Amino acid sequence: MSLYPYPGDHTATFPPPAVLGSKNHHPHTLQFYEADPALLDHLTHYIGAALAAGDAAVVIATEEHRRGLAERLLARGLDIVHAASQGRYISLDAAETMAICVPDGMPDAARFAELVGGVLTQATAAATGKQPRVAVFGELVALLTGQGRYEAALQLEGLWNDLAKTHAFSLHCAYPISTFGREEHGGSIAQICAAHSHVMPAESYSSLADDEQRLRSIALLQQKAQALEIEVAERKSAQESLRRREDELADFLENALEGVQQLGPDNRILWANRAQLGLLGYTADEYVNRPFGEYHVDRDTFEDFWQKLMRREDVYDYPADLRCKDGSIKHVLITANGRWDGDRFVHTRCFMHDVTQQRRMEEELRERNRELSAAVAARDEFLSVAAHELKTPITSLRIFAQLLLRDARRGVGTAPERLESALTAIELQTSKLNGLLTRLLDTAQIEAGLVRLDPVRTDLAALVRSWVGLQHIGADHQLIFEGPEQLHAVVDPVRFEQVVTNLLDNAVKFSPLGGTVTVELGQDDDGGIRLAVTDQGVGVPPDQREAVFNRLHQAHGEPHLSGMGLGLYITREIVVLHGGSLRIEEPGDRGSRFVVSLPPSAGDPESESAA
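With my numbering applied, the sequence shown covers 2 to 612.
Just so you know, the hints here were simulated from the structure itself, not pulled from any lab data. If you're wondering where the values come from, they're calculated on a predicted model, not measured in any experiment. There could be a bad hint or two in this list.
[Unchecked claim] Label-pair distances were calculated between CB atoms; the ranges are:
1) S179 to I231: 19 to 25 Å
2) E230 to E64: 38 to 44 Å
3) R275 to R313: 25 to 31 Å
4) R275 to S179: 44 to 50 Å
Don't be surprised by glycine CBs; every beta carbon is placed ideally from N, CA and C.
Build out the structure end to end from the sequences listed, making use of the hints.
Next comes the structure, spelled out in structure tokens:
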């Protein structure tokens, strides 16, 4: 029974065995197919014709195709088992063969020549025809293109062509047309076709009955190709436009001045732009893919924010405090909503507005308002105290003036004793009033920064000793001066007299009758001047030792110890203007000790001009 040609086959485009096996001709044919039956029909004709002619056949195919081919050959009455026993029918698994010949993704020429060349030599020796020929079907290239490895498939086609230079065989390759389904595959399919001597189109074309149908099919295919080219060009244009828009959007978000980020379903940060990273001071590697809640100072605030998003709420200007890399805190307002795919949460869209500076300014304004309120309260208190302190001497002056005026109106001469008492009281109250006014004026000048010093070389020992002597007159206290006969310093003598007077007045006022007030004056080893006034009075509570130097502050609330609270304030400001300091030290069991320290330059006579 002859197997070539087979009744009912329409394979006129397939070269007959005599051509395929002719001497000095090694056809390398290529078949594209759409479905396995078309491939198996051609293989059955191709391999069956060779075996029926006494030639050999080598099939390197998938298990499914080898099994289908064997079934068809047996159905045609060809004893392939006997042919295999003669060595004329060799069937190899394509996957196993490829594992040997293509070990690292690309064909190995030496392994291919050794394995496949050996099989061809064996098959050629077993052929029994007049001119021994070998018909080969190889499916290695189809497996490679199925994996997307088109370059490897093309190299393997070249190895088959190289092998044809030393062995007599005809080779039939087959590719599923579906493996070239994209536009970019056009170059690959053209190169593969160029590596073959004959190309067979897929069955939808080759099965057409006559040339007229084929011409019509070609026209339709040309129209489809033209339409496809136009569609591809339009798609490329649309894709390019989309790409530009995506680039613009990505640039807009990445380089926006506001912080932008995405959070995944587990609140992990999926992406953050430069502004957000810069806001908190992190790099992308340090920030992205970490839970956003870790950066919130108040975890409850974050949980409340997250629950709103999970309830599909749109969140506007949600206040939050975020911890920066350097440990500082940024105050932000978060505007966010979620992207949902049905019931599945995809990610958030979060926009961060930094209000740290605004919050700082608001706090500064609040603090300024508090300071202004305190200043207004202090002013009111100052005016109240000043009015009260001024009222006392003015009232006394008015009373004594009224007494003298009444005597004059009656025409009655005022008794000398009465006149002396009234004039003495008037002098005392006038002196007191002058002191109050002086302190008020000094305070105003200090607050306005108008106080100026006129430093000259002054004998501080003489100055302090004279004021201690004045305090002795009519005093009910023991005043002791301890210091050198002379001690020169560069100071403003008028202003420094205020320092000494205020400290002595303060010590006397807060000392018990008969108490001792000690004034010490000396020079330190470094040339600095030290003046200390120690009393045995009620003392200053430890928590009041800085506050007593504040304007209007009174450490004691007893009525007989009241005053305007300006003396120590003015004293310290004068000392500071001299470059020195005024402090309270522990005097011992009872009383207070105020210490004035002037810098060495004040004790150096040569520094007078510099002062």
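Hint check:
1. Separation of S179 from I231 is about 23 Å and conforms to the stated range, judged on CB atoms against 19 to 25 Å.
2. Distance hint check: the CB atoms of E230 and E64 are about 39 Å apart, consistent with the given range 38 to 44 Å.
3. The hinted range of 25 to 31 Å is satisfied by R275 and R313, whose Cβ atoms lie roughly 29 Å apart.
4. At about 45 Å, the beta-carbon gap between R275 and S179 stays in the expected band of 44 to 50 Å.
Comparing the model with each numbered hint stated earlier shows that all of them hold.
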